[in-house]
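Just need the whole structure built from these sequences, with the hints factored in.
Counting with this note's numbering, you get residues 4 to 209 for the letters of the sequence shown.
Among these hints, one or two may not hold up.
Unchecked claim - Distance condition first, Cα-Cα at most 30 angstroms in a straight line; then the derived DSS-like pairs of lysine-lysine:
id : residue 1 : residue 2
1  : 202       : 147
2  : 195       : 140
3  : 140       : 202
4  : 134       : 118
5  : 25        : 134
6  : 118       : 108
Don't read these hints as lab results, they were simulated from the structure.
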Amino acid sequence: MSKMAFLSESSGTIYIASSSTKRTFTQFSMSGLVSCCVFSHDSKYLFSAGNRGEIFVWEIETYRCFRRVRDEGSTNTTTIAVSNDGRYLATGSDNGFVNLYDLGKFLADKKSPVKPIKSFGNLTTSIGSVKFSSNGKLLGFCSKDQSYGIRMVLLESLTVVSHWPPQKQGLDIIINELDFSCRGNYFVVLDKFFVRIHKLLDLSLI
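Have a look at this one:
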């Protein structure tokens, strides 16, 4: 069954509904306020986070919290994403840091610690969006609180692309959201007024 999640930003409640019937069949309640959530690549788990800097792992089949993990260095996690291949989980926080995790660590022994593979502090304002490219090569993140507030990470080397974005690319704007095309050769940014499409091949990123 395909699933959808709805957040109650005034509480810690997440409502899970069937995408076919549009009916809610369960709900999860986490401590603090919930700001973001994402399903695992196989839809067996839901990951959520919020204003207390913790990541909650919910098991859909049993309707229970599988575990909760401290999002390192964060007191307010603002966005979360999972890669299509099930390898990585990424979070962004209001202090500008992005953490990249091994997704498998969250689903292993509950007593095993979960630490970021790497943290990126290239932006200094609140992270509004983190997204993985569908081909698993890139992690993008952005902040809507500064111009040129977008960065790309090469996942193979775990390095941020240097000297990017270039001024001629037209990214000297406030970016509210970003995403990648299905094949991973384009990325899309949303500002206050427009949706802008950029070709990644032109940037020599893939």
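Between the alpha carbons of residue 195 and residue 140, is the straight-line distance 30 angstroms or under?
Roughly 28 angstroms separates the two Cα atoms, so the pair holds.
Tell me if the straight-line CA distance from residue 140 to residue 202 falls inside 30 angstroms.
The given pair, whose Cα atoms are some 15 angstroms apart, holds under the 30 angstroms limit.
Straight-line Cα separation of residue 202 and residue 147 no greater than 30 angstroms?
Holds, because 21 angstroms separates the two Cα atoms, which is no more than 30 angstroms.
Verify the proposed pairing of residue 25 with residue 134, using a straight-line Cα cut of 30 angstroms.
Roughly 26 angstroms separates the two Cα atoms, so the pair holds.
Holds or violated: residue 134 and residue 118, Cα atoms, limit 30 angstroms.
20 angstroms, holds
Would you mind confirming whether the straight-line C-alpha gap from residue 118 to residue 108 stays at or under 30 angstroms?
9 angstroms, holds
Of the numbered hints listed earlier, not one is contradicted by the structure.
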